[in-house]
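Chain by chain, the residues:
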Amino acid sequence: MSSQRLPLLALLAAAIALPLVFRGEYFMHLMIMVLFYTVLASSLNIVTGYIGQLSLGHAAFFGIGCYAAAMLTLDAGWSVWTAMIIAGLAAAVAGFVIGYITLRLDGHYFVLITLAFAEVLRLVVINWEEVTRGPLGFPNIPRPSIVLGGEVMVDFSSKTHFYYVALVLVVITLWAKHRFVYSAMGRASVAIRENPRLAQSVGIDPFYYSMVAFVLGAFFAGLSGWFYAHYISYVGPDVYGFGFMVTMLIMIAVGGRGTIVGPVIGAAIITIVVEELRFAREIRLSLFGLLLMLSILFFPRGLVSVPDLLRRRGWWPGAGKTGTA
Amino acid sequence: MALLEIDVLSKSFGGLQAVRDISLAVDDGEIVSLIGPNGAGKTTVFNLVTGYLPPSSGRIRFAGRDIVGLKPHTIAGLGLVRTFQITNVFPALSVFDNIVAAHYLKARVPLWKTWFRDRAVAAREATAHAAAEEVMGFLGLGHRRDMTAENLAYGELRLLELAIGLGAGPRMLLLDEPAAGLNTEESARLVTLLREIAGTRGITILIVEHDMNVVMEVSHRVVVMNFGEKIAEGSPEHVRQHEQVIEAYLGRGFEDEAPATPA
Amino acid sequence: MLDVALQFLVNGLVTGSFYALMALGLAMIFGLMEVVNFAHGEFFVMGGVVAYAFCNVLGVDFYLTIVIVVALMFAFGAATDYLLIRPLRGQHLLSTALVTIGLSIFLINTMLLTFGTSPQGLDAPFSRKPIIIGEIVITEGRLFAIVVGAVAIVATHILIQKTRLGRAMRATFQQKEAAALVGVNVERVYTLTFALGTAMAAIAGVLLGAVFVIHPSTAELATLKAFVVVILGGMTNLPGAVAGGLLLGVVESLWGGFVSTGYMDVIGFALVIFILLFRPYGLFAPRPGR
Chain A
1025 MSSQRLPLLA
1035 LLAAAIALPL
1045 VFRGEYFMHL
1055 MIMVLFYTVL
1065 ASSLNIVTGY
1075 IGQLSLGHAA
1085 FFGIGCYAAA
1095 MLTLDAGWSV
1105 WTAMIIAGLA
1115 AAVAGFVIGY
1125 ITLRLDGHYF
1135 VLITLAFAEV
1145 LRLVVINWEE
1155 VTRGPLGFPN
1165 IPRPSIVLGG
1175 EVMVDFSSKT
1185 HFYYVALVLV
1195 VITLWAKHRF
1205 VYSAMGRASV
1215 AIRENPRLAQ
1225 SVGIDPFYYS
1235 MVAFVLGAFF
1245 AGLSGWFYAH
1255 YISYVGPDVY
1265 GFGFMVTMLI
1275 MIAVGGRGTI
1285 VGPVIGAAII
1295 TIVVEELRFA
1305 REIRLSLFGL
1315 LLMLSILFFP
1325 RGLVSVPDLL
1335 RRRGWWPGAG
1345 KTGTA
Chain B
31 MALLEIDVLS
41 KSFGGLQAVR
51 DISLAVDDGE
61 IVSLIGPNGA
71 GKTTVFNLVT
81 GYLPPSSGRI
91 RFAGRDIVGL
101 KPHTIAGLGL
111 VRTFQITNVF
121 PALSVFDNIV
131 AAHYLKARVP
141 LWKTWFRDRA
151 VAAREATAHA
161 AAEEVMGFLG
171 LGHRRDMTAE
181 NLAYGELRLL
191 ELAIGLGAGP
201 RMLLLDEPAA
211 GLNTEESARL
221 VTLLREIAGT
231 RGITILIVEH
241 DMNVVMEVSH
251 RVVVMNFGEK
261 IAEGSPEHVR
271 QHEQVIEAYL
281 GRGFEDEAPA
291 TPA
Chain C
6 MLDVALQFLV
16 NGLVTGSFYA
26 LMALGLAMIF
36 GLMEVVNFAH
46 GEFFVMGGVV
56 AYAFCNVLGV
66 DFYLTIVIVV
76 ALMFAFGAAT
86 DYLLIRPLRG
96 QHLLSTALVT
106 IGLSIFLINT
116 MLLTFGTSPQ
126 GLDAPFSRKP
136 IIIGEIVITE
146 GRLFAIVVGA
156 VAIVATHILI
166 QKTRLGRAMR
176 ATFQQKEAAA
186 LVGVNVERVY
196 TLTFALGTAM
206 AAIAGVLLGA
216 VFVIHPSTAE
226 LATLKAFVVV
236 ILGGMTNLPG
246 AVAGGLLLGV
256 VESLWGGFVS
266 TGYMDVIGFA
276 LVIFILLFRP
286 YGLFAPRPGR
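These protein sequence lines are chains A, B and C, in that order.
Quick note on numbering: our numbering labels position 277 of the first sequence as 1301, and the sequence is numbered without any gaps.
Quick note on numbering: our numbering labels position 242 of the second sequence as 272, and the sequence is numbered without any gaps.
Quick note on numbering: our numbering labels position 25 of the third sequence as 30, and the sequence is numbered without any gaps.
Treat the hints as calculated values from the structure; they're not laboratory data.
Yeah, the Cβ is synthetic: ideal placement off N, Cα and C, and Gly gets one too.
Treat the hints loosely; a few may be bogus.
Just some of the chain A residues that point at chain C, by a computed CB distance under 10 Å [what the hints assert, rightly or not]:
hint	residue
1	Gly1076
2	Leu1113
3	Glu1143
4	Ile1150
5	Asn1151
6	Val1155
7	Val1236
8	Phe1312
9	Leu1316
10	Ser1319
The task is simple: from the sequences and hints, build the whole structure.
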């Protein structure tokens, strides 16, 4: 039933062992960003990949997670771990409200109204200085620490500590998503994506499942925001901006939307490609844009579809089987 | 008491009367055909009955319950399931996944059980999969099990639509032109299948169809519409000789009248 | 008080005519063709950058430059449609959205590299001396921008209502299959529509360069604003897009003048949310009959 389970487990084993083998600070940072983006892109993929709605407001939920973490720990003095739960829940509540309003609209309108919500939030964050500190944002967000019996066990002074927290978040996200995908609910979501009218005719309520996916996606985006805030230790209004939105969209598109592995591949490839293109200096972003266009044109279903494409030409073992879900 | 009762049902789009005072009853176990020239309002009737469009006036009762104003998925949940005129499947999914997805009502569990599964969830999953296997076998789609729906031949696509309709576990099926585009052999097969669906499976059928051979062979009763109104009703033989019906089909009725209903 | 308001109104109309041109182009690409075009702001900036290359660098006459820019950007739009959009027609809107995102990243950074990050104005032959009409002050350049904007809009209207191509366009976007059946080359219509939309955005860019400055970093906000206006106007409603553009320009100018500049950019987005919830068919279209 779940053909995606084996590669995922193999990846997990490799990920656990990774810091034992490679210890470079820079390398660890790259891997942490890959894991962080895996959570963020996977959260968007629940909405865009499975329900099939292009939500351009997803960065707002990430931003809410970031700001919740920053404000709760800096202004309210809460523990980093409590902030984690609240960051996720705050984003989920925002997802519920925005989803309830927007999911009644179809395709093109939905794209723009979600974008408008994110923009309004971003502009409010910039302008409402009393609460959000405006364009300056929040510097010096505290690191987490694990305290047992009054003694600090892990102080997160090393990147490896963050790495394992990110890995745990990835595992939770992918587990939740795996359960979602291989269930009646996941099938209902895919049915809505493929043909909403037909889905209704077999008893599926598109609005209900769109809401579930939207709230779920918002929750995990909020969690990733919490992680980002504490790892980078600074958040500003740009976390609501189009930059993060575009990055996660590209990741799910290049990796393969509507699959569990796709956003993982996308997060890894895009993070690394952006780094590797540093040699190209100024033309880096131009090249990146070019690569994005080519990848969409030649692999419209993402890189996860490459084995299928090769198989159809007989360049890869196994029978040609297609399908995204 | 009839399973489906439609009482003086009307629908107008702007100034255009697409359906006018239609009354119709379908009894349990019956196969009834709804025929008429293009634009007569047949598909609109389907859309009204299954909640895809709100009626302007009139009553619709299914199994004794008033269903006007209910959402399409709720109506499907009551056992009144429709198919669509233009091919409608879940294109990127395999044939089997299409049919499993259609068994949603059998597999559905409370939200939290998606992540915290118990035996009941496994049992429902197993039931839904077994039912999907059975429907796939019944329609002879087993050899296409893993093929993506968008790669199916046309005739098989129409069978898959039927499979999806059956997947929802209907008491009554509304089929919108199931024979359209089928060759003679495929139509003959469809007639057999429809009889089995009504006979063995005990599913009541209301069918919109242009293929008169299919209509005459399967129907217990035929209802004829033209320009949004019911102009005749009776046994296939009766309708075949009905003067107005002949005129509707051969006379002015063939001009294109009403605009396409937003089906 | 009133004369100040009148001045803001006129300033708003100038900005509004840029919005109107951009939105008219986007209403074709997004409203009619249903391509979520994230490169629209880049097309707009590109108009200014190409004009800068001809007018300031090569020293070509300003008016001739406008003609050259329109022709080049029309061709560029046609090429973009042919190479990037056509292969993805009929696919999920995510695919075209992403390709245009890729295009926008490519264009904006290439322009930043070639044009630079500092804003530049065009060498337009307008006198800086203000024209005073009653209580209102307006410059020659701004007047020119309003006039050219109006001419472009009227020309588009005539093109769509009176010419063969216009008929083919209307047929295609009303009923694609039927249009194809009666012999309309649907693919060609799509490509020409995209090209026309691109050229519209580019004209706005040239005019902006003549009146204010060309600045590549404005592209993103320009894209978002154009989407806002298209929704205000009612998606496929071209006159609505024009009206929406003028309205947004005026409202922003009045708000910025009398209330606060901080939240000026919020207005458009807040309006979009409001409209999509209560009047999803746009501000200017009649409520569709059911």
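Hints versus structure:
1. Gly1076: Constraint on glycine 1076 of chain A satisfied, holds at 7 Å.
2. Leu1113: violated (24 Å)
3. Glu1143: holds (5 Å)
4. Ile1150: holds (8 Å)
5. Asn1151: Interface hint status for asparagine 1151 of chain A: holds (5 Å vs cutoff 10 Å).
6. Val1155: violated (14 Å)
7. Val1236: violated (20 Å)
8. Phe1312: At 6 Å from the nearest chain C Cβ, phenylalanine 1312 of chain A passes the 10 Å test, so the hint holds.
9. Leu1316: The hint holds - leucine 1316 of chain A has a Cβ within 10 Å of chain C, the shortest such distance being about 3 Å.
10. Ser1319: holds (8 Å)
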